[in-house]
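**Student:** Here the protein sequences line up with chains A and B, keeping their order. Quick note on this note's numbering: the first sequence kicks off at 1 and runs consecutively. Quick note on this note's numbering: the second sequence kicks off at 1 and runs consecutively.
None of these hints come from the bench; they were simulated from the model. Mixed in with the good hints, there may be bad ones.
Claimed, not checked - Okay, derived cross-link-like pairs now, DSS-like style, lysine-lysine, Cα gap no bigger than 25 Å in a straight line:
| id | chain 1 | residue 1 | chain 2 | residue 2 |
| --- | --- | --- | --- | --- |
| 1 | B | 652 | B | 437 |
| 2 | B | 13 | A | 142 |
| 3 | B | 492 | A | 146 |
| 4 | B | 492 | B | 13 |
| 5 | B | 400 | B | 342 |
| 6 | A | 146 | A | 113 |
| 7 | A | 142 | B | 652 |
| 8 | B | 492 | B | 564 |
| 9 | B | 537 | B | 564 |
| 10 | B | 18 | B | 537 |
| 11 | B | 13 | A | 146 |
| 12 | A | 142 | B | 18 |
For clarity, every value in this text was computed on a predicted model and none was experimentally measured.
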Amino acid sequence: MRISVTVDGVRYDDDVEPRLLLVHYLREHAGRTGTPIGCDTSNCGACTIALNGRSVKSCSVLAVQADGADITTIQGLANGELHPMQRAFHEEHALQCGYCTPGMIMAATDLLKDNPDPTEEQVREGLEGNLCRCTGYQNIVKAVLKAAQGVKA
Amino acid sequence: MTAIGETPAEVGKARVRKEDARLITGQTNWTDNITLPGLAHVAFLRSPHAHARITRVDVSEARNAPGVFAAFTGQDVKDEQGSLPCAWPVSEDMILPDHPAMAVDTVRYGGEIVAAVVARDRYAAADAIELIDVDYEELEPVLDMREAIKPGAVKVHAEGNKSYTWELANGDLGAAFNDAPIVLDRVYRQQRLIPAAMEPRSVVCAPVGDEYTMWSATQVPHILRLMLAMVTGIPEQSLRVIAPDVGGGFGSKLQVTAEEVLALLLAKRLGRPVKWTESRSEGNVAVHHGRDQIQHIRLAADADGRIRGLDVDLLADMGAYLMLVTPGVPILGAFMFNAIYKMDAYRFNCTGVFTTKTPTDAYRGAGRPEATYAIEHIMDDLAAHLGVDPLEIRERNWIKHEEFPYDTIAGLTYDSGNYEAATARARELFNYEGLRKEQSERISASSPVRLGVGVSTYTEMCGLAPSRVLGSLSYGAGGWEHASVRMLATGKVEVVTGSSAHGQGHETAWSQIVADQLGVAFEDVRVLHGDTQVSPKGLDTYGSRSLTVGGTALVLACGKVREKAKAIAAHMLEVSPEDLEWTGGRWAVRGDPDQGKNLAEITLATFAAHDLPDGVEPSLDSDATYDPDNFSFPHGTHLCAVDVDTETGRVKIRSYVAVDDIGHVINPLIVDGQVHGGLAQGIAQALYEEAAYDDSGNLVTASLADYLIPSAADLPSFVTDRTETPSTGNPLGVKGVGEAGTIASTPAVVNAIIDALRPFGVTDVEMPCTPERVWRAINEAKGGAR
Numbered sequence: 001m002r003i004s005v006t007v008d009g010v011r012y013d014d015d016v017e018p019r020l021l022l023v024h025y026l027r028e029h030a031g032r033t034g035t036p037i038g039c040d041t042s043n044c045g046a047c048t049i050a051l052n053g054r055s056v057k058s059c060s061v062l063a064v065q066a067d068g069a070d071i072t073t074i075q076g077l078a079n080g081e082l083h084p085m086q087r088a089f090h091e092e093h094a095l096q097c098g099y100c101t102p103g104m105i106m107a108a109t110d111l112l113k114d115n116p117d118p119t120e121e122q123v124r125e126g127l128e129g130n131l132c133r134c135t136g137y138q139n140i141v142k143a144v145l146k147a148a149q150g151v152k153a
Numbered sequence: 001m002t003a004i005g006e007t008p009a010e011v012g013k014a015r016v017r018k019e020d021a022r023l024i025t026g027q028t029n030w031t032d033n034i035t036l037p038g039l040a041h042v043a044f045l046r047s048p049h050a051h052a053r054i055t056r057v058d059v060s061e062a063r064n065a066p067g068v069f070a071a072f073t074g075q076d077v078k079d080e081q082g083s084l085p086c087a088w089p090v091s092e093d094m095i096l097p098d099h100p101a102m103a104v105d106t107v108r109y110g111g112e113i114v115a116a117v118v119a120r121d122r123y124a125a126a127d128a129i130e131l132i133d134v135d136y137e138e139l140e141p142v143l144d145m146r147e148a149i150k151p152g153a154v155k156v157h158a159e160g161n162k163s164y165t166w167e168l169a170n171g172d173l174g175a176a177f178n179d180a181p182i183v184l185d186r187v188y189r190q191q192r193l194i195p196a197a198m199e200p201r202s203v204v205c206a207p208v209g210d211e212y213t214m215w216s217a218t219q220v221p222h223i224l225r226l227m228l229a230m231v232t233g234i235p236e237q238s239l240r241v242i243a244p245d246v247g248g249g250f251g252s253k254l255q256v257t258a259e260e261v262l263a264l265l266l267a268k269r270l271g272r273p274v275k276w277t278e279s280r281s282e283g284n285v286a287v288h289h290g291r292d293q294i295q296h297i298r299l300a301a302d303a304d305g306r307i308r309g310l311d312v313d314l315l316a317d318m319g320a321y322l323m324l325v326t327p328g329v330p331i332l333g334a335f336m337f338n339a340i341y342k343m344d345a346y347r348f349n350c351t352g353v354f355t356t357k358t359p360t361d362a363y364r365g366a367g368r369p370e371a372t373y374a375i376e377h378i379m380d381d382l383a384a385h386l387g388v389d390p391l392e393i394r395e396r397n398w399i400k401h402e403e404f405p406y407d408t409i410a411g412l413t414y415d416s417g418n419y420e421a422a423t424a425r426a427r428e429l430f431n432y433e434g435l436r437k438e439q440s441e442r443i444s445a446s447s448p449v450r451l452g453v454g455v456s457t458y459t460e461m462c463g464l465a466p467s468r469v470l471g472s473l474s475y476g477a478g479g480w481e482h483a484s485v486r487m488l489a490t491g492k493v494e495v496v497t498g499s500s501a502h503g504q505g506h507e508t509a510w511s512q513i514v515a516d517q518l519g520v521a522f523e524d525v526r527v528l529h530g531d532t533q534v535s536p537k538g539l540d541t542y543g544s545r546s547l548t549v550g551g552t553a554l555v556l557a558c559g560k561v562r563e564k565a566k567a568i569a570a571h572m573l574e575v576s577p578e579d580l581e582w583t584g585g586r587w588a589v590r591g592d593p594d595q596g597k598n599l600a601e602i603t604l605a606t607f608a609a610h611d612l613p614d615g616v617e618p619s620l621d622s623d624a625t626y627d628p629d630n631f632s633f634p635h636g637t638h639l640c641a642v643d644v645d646t647e648t649g650r651v652k653i654r655s656y657v658a659v660d661d662i663g664h665v666i667n668p669l670i671v672d673g674q675v676h677g678g679l680a681q682g683i684a685q686a687l688y689e690e691a692a693y694d695d696s697g698n699l700v701t702a703s704l705a706d707y708l709i710p711s712a713a714d715l716p717s718f719v720t721d722r723t724e725t726p727s728t729g730n731p732l733g734v735k736g737v738g739e740a741g742t743i744a745s746t747p748a749v750v751n752a753i754i755d756a757l758r759p760f761g762v763t764d765v766e767m768p769c770t771p772e773r774v775w776r777a778i779n780e781a782k783g784g785a786r
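So here's chain A without its partners, still in its complex pose:
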């Protein structure tokens, strides 16, 4: 099937198999390998992207479902300078191996859209769908709270 999607500001027109997962489309057809794959049951959230401005796990969307969509991945988040969430992750040491980081940053960014001033507990609940094996989440939570402060200020 023919699809047309905008990924990080660039339009792609491609023929794809109907069964192709969006994350495989992004990685292997559009060459946007910044979005990794961590599981096959949509539990880990590593592949989280923004589809028309809302976060989705790109392993649980078919490429054909994204036809006409505007997609932002971790590679399109920085606009000349780092996004406040990226900066907060860096400053608060909210990543170690970095494999969950793209999904975590995308999910956290969306979380703040819904709730610009979350409590620690709301951040923890809000990121429940994104797994990290390195950080124990402590600094991720700190980073999201810090980014929230930055966005407000």
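Fit chain B to the supplied structure of chain A, relying on the hints for placement.
**Tutor:** Then chain B, alone, in the frame of chain A:
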């Protein structure tokens, strides 16, 4: 420590990481990102049975499927694949069965590879896997270690189910237990765990003529290269192994895997590059598991609680085969059951048992968490038996700070430590007395939600390892590490380390060390690792060894650079080298500090080489290989408070204080991060995770929907702090921090749960302490049905 300059500027600073730039922007180089012209994709068919004979494998239909280049069975590769390596034959009579990368006639765990397809893309490969026809003759699975070693048990391997028995004994155990006023006899269970690094394994192998480059999501590129050469017979110098960005390991990528060996053989057969990337469900059955021990521990004590002797019998589940260090993992625990305590006698005995489950091997802590759990659990049991505070019973037994260096009953020499200081600090941060008071109040009020306080005063051995010690334990290699420092003409520095990072922050911490050692800017140092062509010598990353061993190698290499620079600086300044001193990050004339040369100036003069002293080579570059004399021994006191809802069995961690003594700290930001992550993994063992098998030997936790890695919502915020007793074994005074949190936290949490439930008569809850298990333990203690 070598005094370098007056004030170390970088070491100790909470530097944000250099690594982050690529990781937060998605410019990371994961193995699965790699694409090459003509790259083919490999998929494996895995056994659905725990134990079966393969009577027929038919790949003909798969071979003819669209987009398929080739398909192979075990018969096709059996003459080339050799046997997957085990580098740690712990005893001379250890049973070390043949371990084919692809099963040839028998499968011994669900997930073992039985066929491979190589195709145009991953979808075509996955489709073709469905077309392979295999006939199995099912055999009985072997799932219970205690049953497995009984006479007449179904055999996993023809040679038997007992791989080895290994014993360590010191002191007169009979005398210690004879007439002892207190003897505690306990059996604890270490459940099986799945390491579950977030990046699934991936391997790419490209042939160029008769040479091969392999990219692999591995912790151990150097060991992998050596082992691939030994297994396949391809000469070592024809192999290059690259570990690009690697997304976590925790021991799971300290391995030489079937998939790596087969990727090499398939690339060689087809003469084209191949890639294999596992799915998570594939990884849960095929990546080695961790822990899985039955621990029988007996402790003899005097009436006042002073330990007389400790007697430990372990059954350790090897799984179906011995992998790289499988048999050695429980043996590492032999040196840690005695922990921080003094005693007269000790015996450790471990039997390695084969079952038809995924092989086990190193998982964060490897042997030490198991030992620490058992001793810290039984110390709490001893305190409860005597009716004294758990911290008090520990203090009666621990090595006093003035007694270091201390030769332990297990035969190690602990160089330094201060258990009193760490415990005092932890008590203070935790509000120990306040929580104990609240606990009594809740008991008096018969509150349905009980408060429990858990204690873990752990130590561990890090800095693997003195090569002589490894030799005495029959390990197949040494424990040294290598570093080299290359001075670039522009005054910048390239540092090559043999310790390959996968999230630990080497690029940042190593830059801090070099900045102080050479008087250069943090930003001017670039750290290279993880490529056998760039970093030809190394023994990689595991066992909290990178800083203690690799960091020391780096300090030594920097020292050589300074010494080479000294002769040239003297020549430039027209003074004798003896008149120079290294001060403020430069060589300066003693008594005339304005007269001096920094390393950038000396390096440029060396590069130009127009006017060097006679006989001096025009290079400051230096290497060092360091073999430690001893392990390092981080320690600390962790305190955990839990609320246990006795009506639902739900456990909630209310507060957690970790005070660790890891010696000097290079970067506190990185150290805190390591502790947080370690705590999360140790808590996960206590509360959430278990690799569970059904009666047929199927792993029922094969996906992340079933295997419960905690999310942010499942964990508390931690309070972390440090005391600082430097290691005397290395010039940096460092001890290592990668595993401390995991080792300490599991017993702290479980002890807290049991502490809350002791008034009901509960003495143990098997891990993971799920609400159901906690509720059943309470109910059973009350005399109810299980």
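**Student:** Hints first: check each against the structure and report whether it holds.
**Tutor:** A quick look at each hint next to the structure:
1. B:652 / B:437: holds, 19 Å
2. B:13 / A:142: holds, 20 Å
3. B:492 / A:146: Violated, because 34 Å separates the two Cα atoms, which is more than 25 Å.
4. B:492 / B:13: Distance of about 21 Å is within 25 Å: holds.
5. B:400 / B:342: holds, 10 Å
6. A:146 / A:113: Status holds; Cα separation ~14 Å.
7. A:142 / B:652: Holds. Residue 142 (chain A) to residue 652 (chain B) sits at ~21 Å (cutoff 25 Å).
8. B:492 / B:564: holds, 17 Å
9. B:537 / B:564: holds, 22 Å
10. B:18 / B:537: Between residue 18 (chain B) and residue 537 (chain B) the Cα gap is close to 24 Å, so the pair holds against 25 Å.
11. B:13 / A:146: holds, 21 Å
12. A:142 / B:18: holds, 20 Å
In terms of the numbered hints stated before, the structure departs from hint 3 and from no other.
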